[in-house]
Structure formats: C-alpha cells, structure tokens
Amino acid sequence: MPRLSVWMVRSALLHLGIGITLGTLMLWNKGSLIDLRIWLLVSTHLEMLIVGWLIQLALGVAFWILPRFTQEPRYGAVRRGWVGFALLNTGILLFILGIWLPNASSLQPLGRLLEVAAAVTLASVLWPRVKPVGV
Amino acid sequence: MPRITRYFIKAAMFYFAAGLLTSFLISARTLLSLPAALANMTPTYLHMLVVGWITQLIIGIAYWMFPKFSKAEPRGDERVGWAVFALLNVGLALRVIGEPLNIGWMLPLSSLMQFFAIWMFIIVVWPRVKER
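As they're listed, the protein sequences go chains A and L.
Mind the numbering: the first sequence is residues 585 to 719 in my numbering, read in order.
Mind the numbering: the second sequence is residues 153 to 284 in my numbering, read in order.
No false leads were mixed into what you were given.
Reference listing, derived: stretches of chain L covered by chain A, where coverage requires no fewer than 3 residues with Cβ under 8 Å from a Cβ of chain A:
#1 200 to 210
#2 263 to 275
Over 12 Å on every C-beta distance to chain L, these chain A residues come out as not near it, computed from the model:
#3 T628
#4 Q655
#5 A670
#6 T674
#7 I680
#8 P686
#9 A688
#10 S690
#11 L691
#12 R696
#13 A703
#14 P716
In silico DSS-like pairs for lysine-lysine, Cα to Cα no more than 30 Å straight-line:
#15 L:K282 to L:K162
#16 L:K282 to A:K715
#17 L:K220 to L:K162
#18 L:K223 to L:K282
#19 L:K220 to A:K715
#20 L:K162 to L:K223
If you are wondering where the hints come from, they were derived from the structure by calculation, not from laboratory data.
Note that CB positions come from ideal geometry on N, CA and C, so glycine has one too.
Kindly produce the complete structure, drawing on both the sequences and the hints.
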C-alpha cells in the first residue's frame with residue numbers, strides 16, 4: 585500500500601472512530617436522556633462519517649488499487665495527491681470548527697470550498713490511472 | 153475469500169435490501185395504512201444502509217484485501233473479527249427493533265455494542281494499514 589493511501593486510510597479510520605463515538609452518545613441519549621445539547625453533535629457526526637470516513641477511504645483505496653503506470657512515477661502525481669489529502673482534512677476540520685466556534689460560521693463554506701478543491705485535485709490524480717492494466 | 157469476509161458481505165447485503173425495503177415502507181406508510189411506528193424509522197433505515205451495508209461491506213473486504221498482519225496470522229486474531237461481526241450486527245438489530253418501538257433500554261445497549269465493534273475493528277485493522 586503506498587504511503588499516501590496509508591495516511592488516507594488511517595485518517596479515515598480515525599474519523600470513523602470519532603464519528604461513531606459521537607453517534608454512540610446521540611443514540612444513548614435518544615434511549616436514555618443525558619442532555620438535550622448532545623443533539624448538537626449531529627452535523628459533526630455526519631461530516632466525519634460521510635466525508636472523513638466514507639469519501640476519504642474510497643479515495644485512499646482508489647489510489648492504492650487503480651492500475652499503476654508501467655514507468656515511474658508508477659502511482660502518478662503523488663505530490664498532488666498529498667495536496668489533495670491536506671485540502672480534504674483541512675476542509676473537514678474548518679467545517680467542524682465553523683460549527684462549534686462562536687462567530688466563525690464562515691469557516692463552514694470555507695471548509696466546503698477546500699473539500700471541493702480536494703475533490704478536483706484528487707480526481708485529477710486518479711483520472712489518468714483509470715485505464716487498462718499495463719499501459 | 154476468508155469465511156469471516158463472506159459473513160460480513162452477506163450480512164451487508166441483507167442490510168442493503170432490508171434498508172431499502174424499510175425506506176419503501178416508510179414512504180408507502182400512509183398509502184398502505186401501515187403501522188405508525190414506521191414514521192420513526194428514517195434514522196433507522198439510514199443507519200441500516202450506512203452502517204449495516206456500506207461500513208460492514210468495507211469491514212469485510214478490508215479483512216480480506218488489506219496487507220497481511222503476519223504470515224502466521226494474516227488477518228490478526230480472527231476471534232476479534234468474529235466479535236466485531238457479532239457486536240455490529242446484534243447492536244444494529246437492537247436499534248432496528250428499539251428505535252421504532254421506543255424501547256428505551258435497547259438504544260444505549262445498541263450504541264455501546266456498535267461503539268465497541270467499530271473500535272475493535274479499528275484496533276485490529278490499524279497495523280495492517282501499512283506500506284509493503
């Protein structure tokens with residue numbers, strides 16, 4: 585597994601773990617009320633599990649298993665891939681900070697914008713590797 | 153394909169069909185005069201699809217395809233994998249029953265079982281996410 589995939593998959597696993605922990609609190613709270621404010625976790629829970637876990641895992645695994653080039657660099661534009669990884673995780677972080685920090689709601693669209701940039705960047709890395717094997 | 157992966161994938165496919173069936177029943181509830189409890193099942197069906205289907209499918213395939221833990225134990229301690237399978241599926245089933253029927257005690261138990269299932273999976277798969 586290439587180093588970028590290791591980082592993306594491990595980051596995805598951390599998002600899964602934290603996201604499920606928030607989900608545990610919310611489901612517990614639904615069955616046996618602890619505090620109504622626990623419902624405020626829902627947006628963070630969704631962001632971590634949809635973008636941080638599912639989307640990031642798919643991208644990390646795609647970078648690992650899509651056909652490689654026959655000549656170096658075999659994984660393609662690796663440096664651009666790292667930029668995409670940084671954009672994605674910074675975007676998630678800013679979006680979540682925008683939920684929680686007072687007077688910082690503008691961080692949410694900024695976080696989303698970074699996620700869009702990550703999507704374009706990582707798609708441009710993966711795009712040429714969607715090809716027949718051995719080409 | 154290892155036996156544990158087959159169990160994960162088949163359970164995932166069950167939740168895929170069951171989740172979409174639940175979604176259909178929710179949308180057709182008034183049309184078919186179905187029980188009112190279905191109205192509470194929107195989060196249930198979403199979790200059947202996201203946890204029971206997608207995440208469980210990923211877990212099963214990760215056990216199979218991720219780099220091997222060691223030659224002697226390619227998938228690490230398989231007993232942990234079976235514990236993950238049992239906790240995840242029993243935990244989710246408790247939610248599917250407890251959420252529409254408002255059986256309060258089932259939901260904390262369900263949440264704890266899913267919590268331990270996911271964290272045990274993360275701990276057991278983490279060393280397998282590595283460069284060759």
